[in-house]
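Given chain A, work out where chain B should sit, using these hints.
Residues per chain are reported as follows:
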Amino acid sequence: MDETVAEYIRRTVLKIPRDEIKTMLQKWGFLSETQLQTINFHQIKENISQDVVQLCEENSADIKQAAVLDIIYNHIYPNKRVWSVYQMNKTGEETEFFDLTDFKKKFKRRLRSALKNVTINFREYEDNAVWIRIAWGTPYTKPNQYKTSYVVYHSQTPYVFISASVLKSNLPLLCQALVVASSYHDIREMELRSHSLNSLKDIVFKRYSQNFQTYYPRPLQERNVAPENADLRIIQENRSEKERIQRVNREVFGDGPQPKLEFAQYKLETMFKSDPKMDVLDKKEPFRCLVKFSSPHLLESLKSLAPAGMADAPLSPLLTCIPQKARNYFKIREKKGFFSGSFVSP
Amino acid sequence: MEEGKAYSPDGVFAHLEMLEARAYEAAVKQEETEQQEEKLARLKARVQELRLQRDELRAKVDLQQKGQLGKEGVVSDPAQPSARPVLEWKIKSVKAMLEVFYLTGISGKLTKRGVCFCISTAYQGTYLDSYYLDLLAKPQMQIHRHSVPIFIPLEQIAKKYLQTDIRRFLSVLSDHLNAYVGRRYQADQLQEHFSDQIEGTLQRNSLCNLLVFNYNVSSESKTFPFNARLLYGDLCRSLPTEVIVSCARVGQLCWCPVVVLQVWIRSVKTCCFVTIL
Chain A
1 MDETVAEYIR RTVLKIPRDE IKTMLQKWGF LSETQLQTIN FHQIKENISQ
51 DVVQLCEENS ADIKQAAVLD IIYNHIYPNK RVWSVYQMNK TGEETEFFDL
101 TDFKKKFKRR LRSALKNVTI NFREYEDNAV WIRIAWGTPY TKPNQYKTSY
151 VVYHSQTPYV FISASVLKSN LPLLCQALVV ASSYHDIREM ELRSHSLNSL
201 KDIVFKRYSQ NFQTYYPRPL QERNVAPENA DLRIIQENRS EKERIQRVNR
251 EVFGDGPQPK LEFAQYKLET MFKSDPKMDV LDKKEPFRCL VKFSSPHLLE
301 SLKSLAPAGM ADAPLSPLLT CIPQKARNYF KIREKKGFFS GSFVSP
Chain B
1 MEEGKAYSPD GVFAHLEMLE ARAYEAAVKQ EETEQQEEKL ARLKARVQEL
51 RLQRDELRAK VDLQQKGQLG KEGVVSDPAQ PSARPVLEWK IKSVKAMLEV
101 FYLTGISGKL TKRGVCFCIS TAYQGTYLDS YYLDLLAKPQ MQIHRHSVPI
151 FIPLEQIAKK YLQTDIRRFL SVLSDHLNAY VGRRYQADQL QEHFSDQIEG
201 TLQRNSLCNL LVFNYNVSSE SKTFPFNARL LYGDLCRSLP TEVIVSCARV
251 GQLCWCPVVV LQVWIRSVKT CCFVTIL
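Chains A and B, in that order, are what the protein sequence lines are.
Anchor point for the first sequence: position 170 equals 170 in my numbering, and the numbering is continuous, going up by one each time.
Anchor point for the second sequence: position 15 equals 15 in my numbering, and the numbering is continuous, going up by one each time.
Just so you know, these hints were derived from the structure itself, not from any lab.
The model shown is predicted, which means the values in this text are computed figures rather than measured ones.
Quick reminder that beta carbons are idealized off the backbone N, C-alpha and C, glycines included.
Some hints could be false.
Stated by the list, open to error - Derived Cβ-Cβ restraints for the label pairs, each shown as a range: (1) A:238 with B:45: 52 to 58 Å; (2) B:233 with A:171: 32 to 38 Å; (3) A:189 with B:242: 36 to 42 Å; (4) A:76 with B:86: 55 to 61 Å; (5) A:142 with B:219: 37 to 43 Å; (6) A:142 with B:189: 45 to 51 Å; (7) B:241 with A:29: 34 to 40 Å; (8) A:127 with B:166: 28 to 34 Å; (9) B:219 with A:80: 38 to 44 Å.
Said to hold, decoys possible - Simulated coverage check for chain B against chain A, where a stretch passes if three residues somewhere in it have a Cβ under 8 Å from a Cβ of chain A: (10) 38-52; (11) 144-157.
Chain A with its partners taken away, still in its complex shape (with noise of 0.2 Å):
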């Protein structure tokens, strides 16, 4: 077996956390139920990715199954990286029949005819989600193992997560492969980035929780409600005002749990607006600023604000829109239509 396959197995042991490695080998399926159980997995992971190298060599691992097995550890930690979303578009209308073995055997020929030191995996999942891991070399070098790069598509949908890691100028030629595999014309990257790629897919697939106005009642889900005050001297002078902001707030966010995104940016090309006498600026030229929002859960921060009695009630539409544009980095210029940038269509 080859040393750096042994080194890179050796890593991606390393990586995974001592209780779950078991499992993770297990799904793996390359060493044998019996291999693995002389494995003692109470030791430091030092050793036990040394065991684990060990067995491997007596299976003579290559760099394929070793690549399996990444993407396994980044399926099961998909929010280790930082993923964005890309969607595609195409002008036909014709059925698609998306073929996996199809799809596959072209967008491995396309990305090897214009590089051929790459390496390709893919694997599928149950939810029509196909992972795709590709390790990057140059015309000159081999492919570089720690330099990956994930994509995640799920067929006949336009929109593909990729997480590009290091090496950017790849890119274009990664895009250029998923265009012709799934038949599409082109892809553009949406303004859309967080590190919790099932929020993402939540986002551009609208599985999020959105409030709709039906008659049909629906049984209304029974959210932990603090029992009011036991003691009877204690009144609520605000009540109705309360209400109103639980019910503004329930109308814009939904009833469910908010998609994870870590921060939303915004970059200001406004006019600075002050007292004319004030001139505070000499020239009248855009105010450049950016704001960025950050959290370990933005939207659930923003849906809990007016409640916690630190904004008003209905927040700006700046920030409530963010699930529905299925963007988190605006740019707003001056004048009538606040944002800028394309459209994504709902």
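Okay, now just chain B, sitting in the frame of chain A:
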């Protein structure tokens, strides 16, 4: 003392004057007291009056309260059994009506700026997912938000029919959604109920319009590996338009496809064009 003075000759008139003065003072005092008494009497009378008024008002209030209770206690007893159940019955019938609308598959509710439609899907008596469309009426009919899956060609359908014929738009969209849900349900059922006969995994795609799987048919201690490929050409139908069944091993197979097709017809109820290789 005054007796002594009564006999003095120039004292009589003084005495009389004195008596007169005294009488005058007495009269004045009397008048004063009389006046006071009068006043007192007047005030007493006023107090009495007010007391009377107060009693009257109290009585009125009591009467009113008693009167109300009296009404509830007396009148509502026969009315109560009829008001509440009537209301309950009304609520039940409205809910039932709304549920009927929901069960028909397309229901809607007017909103401030337009209308919100709910398309509920079903396949062979099993109710499956519901999808929502929030439409704005002005300046023209447009989709504000929706929960339709991304692989359904919503934009194309909207471009064709939304402005001109909204009924057709809803009907076409409902066909697409029902067909997709039906195909998906069939594929899920196939995976569940025939999991022992299928080799490996069932290959499908998001729209579930292409299904490929391998299965074995054994007869006379020989097993034949088959591969079935179902294409659903029409996105508005939940039955395949083309089925390709192929076998890796050739020979003595003339009756096998029949068995295969029987398996298929049982699970999918398909009758379509079949190519046997």
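Quick rundown of the hints versus the structure:
1. A:238 with B:45: 52 to 58 Å: holds, 54 Å
2. B:233 with A:171: 32 to 38 Å: holds, 36 Å
3. A:189 with B:242: 36 to 42 Å: Since residue 189 (chain A) and residue 242 (chain B) have Cβ atoms about 37 Å apart, the given range 36 to 42 Å holds.
4. A:76 with B:86: 55 to 61 Å: holds, 59 Å
5. A:142 with B:219: 37 to 43 Å: Violated: the Cβ-Cβ distance is about 51 Å, outside 37 to 43 Å.
6. A:142 with B:189: 45 to 51 Å: Given range 45 to 51 Å: holds, Cβ gap about 47 Å.
7. B:241 with A:29: 34 to 40 Å: Between residue 241 (chain B) and residue 29 (chain A), where Cβ atoms are some 37 Å apart, the hint holds.
8. A:127 with B:166: 28 to 34 Å: Taking Cβ atoms as reference, residue 127 (chain A) and residue 166 (chain B) lie about 33 Å apart, which means the hint holds.
9. B:219 with A:80: 38 to 44 Å: violated, 52 Å
10. 38-52: Violated, because only 0 residues of the region 38-52 of chain B bring their Cβ atoms closer than 8 Å to Cβ atoms of chain A.
11. 144-157: holds (count 11)
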